[in-house]
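S.K.: One line per chain: the protein sequences are A and B, in this order.
Numbering-wise (our numbering), the first sequence opens with residue 1 and increments by one.
Numbering-wise (our numbering), the second sequence opens with residue 1 and increments by one.
Calculated from the structure, these hints are not laboratory results.
Ideal placement from N, C-alpha and C gives every residue a C-beta, glycine not left out.
Mixed in with the good hints there might be a few duds.
[Claimed, not checked] Residues from chain A shown here face chain B by an in silico Cβ test under 10 Å; the list is partial:
| id | residue |
| --- | --- |
| 1 | Asp64 |
| 2 | Ile72 |
| 3 | Glu128 |
Each chain, written out:
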Amino acid sequence: MKHGFAYKRMISDYILIQAETALAIGIIGSIFAREQQITYQYFFLPAIIGLICMLPCIITYIKDDMTIKQIIIQRVVELIVLEIAIIGVIYYIVGDAPGKYGYIAIFFSVFFFDVITYVISYCMEKKEADVINKKLRENRQNHS
Amino acid sequence: MQLIKRKVADKKDEAIILQYTNWTKNLEDISDYILGKEKQITGYGENKERYQIKVSDILYFEAVGELVFAYTEKQVYEIKMRLYQVEENTRGDKMVRGSKSIVVNLRHIESVRPALNGRLYATMANGEEILISRQYAKEVTERIMAS
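Construct the entire structure; sequences and hints are all you get.
M.R.: And the structure:
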């Protein structure tokens with residue numbers, strides 16, 4: 001199982017994206033299209049969106065030695081795909097209901113939450129690295 | 001430091017006691033010597049000359065294609081083993097898998113910084129940076145914190 005760890009992570013992230021998409025559809029739908037009747041086909045949307053959003057990320061699961069520059073490029077592509085997928089799906093479900101400014105607001109909120117997720121994730125990794133560095137310093141002092 | 005030798009009557013009372021205020025590198029070397037832990041590994045230089053290298057002097061091992069190299073602060077040696085064999089042979093010597101292609105010596109990690117996606121860049125004693133992959137970052141972190 002050379003890529004076992006990567007597949008496990010990929011499947012767990014895919015399930016997470018599906019759950020988030022279902023929640024987003026529920027919230028946006030209840031705000032902008034409260035009276036909209038939906039059919040069974042809408043239940044497949046989270047699975048399809050999840051798949052679309054996972055496509056640009058597959059490389060990050062398989063290739064673990066990407067440089068920071070490559071990761072940033074991959075994340076920009078991922079954000080563009082995410083914006084297109086979310087706006088496309090909202091348009092498919094509620095059409096023009098949110099209006100031009102509604103869609104601009106959705107665009108910026110997706111952008112904001114995507115970026116903030118990475119900033120929080122980086123801060124957590126930095127905090128963990130600081131704890132490790134503190135321990136490494138202590139070890140050096142004890143051994144000198 | 002004073003050296004105290006004390007004769008005991010019974011063989012089972014034979015022991016070496018190290019008394020210290022701070023556990024130094026010298027004491028660790030003495031301890032390793034007493035316990036016979038100072039492992040060596042055979043490496044080959046640029047002109048295929050053979051060397052015995054102390055495992056504790058090795059910063060990290062790296063697999064490049066079919067070859068495995070050992071990096072010390074100033075030299076690089078080719079090791080005639082697979083990386084998994086190196087990992088097995090050096091287990092317990094502060095060596096830990098850092099990625100699919102690297103086994104790193106925790107003693108020689110100077111500092112770490114985030115490399116995004118849950119990975120870490122480890123700065124080694126010679127200033128080189130090596131990438132600890134997400135898969136192994138947790139184990140490396142745990143081993144450092146437990147040391």
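S.K.: Take the shortest C-beta to C-beta distance between Asp64/A and chain B; is it under 10 Å?
M.R.: 4 Å, holds
S.K.: With 10 Å as the cut and Cβ atoms as the points, is Ile72/A at the interface with chain B?
M.R.: This interface hint holds because 8 Å falls under the 10 Å limit.
S.K.: So, Glu128/A near chain B? Judge it on the closest CB pair being under 10 Å.
M.R.: Constraint on Glu128/A satisfied, holds at 7 Å.
Against the hints set out earlier in the document, no violation occurs for any number.
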